[in-house]
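Asks: Protein chains in written order, with my numbering: chain A, 1 to 157; chain B, 1 to 157.
Simulated from the structure, these hints should not be mistaken for lab results. None of these values were measured; they are calculated from a predicted model. Check each hint, because a few of them may be wrong.
Note that the list lumps identical chains together, so a pair holds whenever it fits in one copy or between two copies.
In silico DSS-like links for lysine-lysine, alpha-carbon gap of 27 Å or less [said to hold, decoys possible]:
(1) K26 to K73
(2) K26 to K129
(3) K58 to K143
(4) K58 to K73
(5) K26 to K143
Each chain, letter by letter, is given below.
Number of protein chains: 2
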Amino acid sequence: MSGNSDWFAPRGASAEVEEGSVLSPKFDADGLLTCVATDAATGEVLMLAHMNAEALIKTITTGEAWYFSRSRKMLWRKGETSGHSQRVVEMRVDCDQDAILIKVEQMGEGACHTGRRSCFYRAVPLGPKGRGPIALEFRDAEKVFDPREVYGDRKKR
Amino acid sequence: MSGNSDWFAPRGASAEVEEGSVLSPKFDADGLLTCVATDAATGEVLMLAHMNAEALIKTITTGEAWYFSRSRKMLWRKGETSGHSQRVVEMRVDCDQDAILIKVEQMGEGACHTGRRSCFYRAVPLGPKGRGPIALEFRDAEKVFDPREVYGDRKKR
């Protein structure tokens, strides 16, 4: 893979970044962008993860979702352990080019390493609260696969 | 507003964080969570922004979206300049509790400070590319309001 300057334009003034038609991503201090993955068919938000330049380029060239794991500090092809890969149907970049949206076809039913379809399976109730920390409410939390069968003792991938 | 320990439980083991029913958010080194906002009616991803503990608590208690601006380093109620506020219909937290999803009713047509409905108005083409940086394709990029009228010379809010 050649240098990133083959892929990305240098960051210009904000009008250029926002209204221009050249990819000029803004990686944070750790070299990462945030990426939100949605189900291309239903629009459901499946997960949120991070991409470094290499993950972004691999996702673009292969059409499969690659991320960078902040906890494991390594590049990671979604589904490389679980088989639950993500085929990217469309990729979008946001106005200031520090966030990526991918609309994906999720293989193997679930995107979440806990066994759910989506990582967002708990609601935070709004409004005044009672004593103590906020209690979450499980929603759409049915498990679509058994994470112990899929991952064994390994961490999510 | 009292201390955050009134609102959030201390972080426990990952099984607790993932399968428990208590809000125990994981703020990053800058004290931030990532938040994705979708249109509650259509599911469209509108924008991605950040919340510190105060923004999260204000969003929960008021039912309106509050964010923390990394560039301006300040708490920010979405729409405080533009009037384009976001009424939160539902809030979700993800498996490891470092990301928030809010499904919102977007006031004033557009969430994006450039005048579009969504911040994700440009597609990144997938597959092999030609010479030079990747060219973006505008999609759903129609302006629903005139940012100069709404913001004048001020930055997005």
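Asks: For K58 and K143, with the copy left unspecified, which applies at a CA distance of at most 27 Å: within, between, both, or neither?
Replies: neither (30 Å within a copy, 32 Å between copies)
Asks: As a check of your reading, is K58 near K73 (CA-CA no more than 27 Å) within one copy, between copies, both or neither?
Replies: within (17 Å within a copy, 33 Å between copies)
Asks: At 27 Å max between alpha carbons, let me know whether K26 reaches K143 within a copy, between copies, both or neither.
Replies: Close across copies (23 Å), not inside one copy (36 Å); limit 27 Å.
Asks: At most 27 Å between CA atoms: does that hold for K26 and K129 within a copy, between copies, both, or neither?
Replies: between (38 Å within a copy, 20 Å between copies)
Asks: Under a CA distance limit of 27 Å, which applies to K26 and K73: within one copy, between copies, both, or neither?
Replies: both (19 Å within a copy, 18 Å between copies)
Taken one by one, the earlier hints fail for this structure only at number 3.
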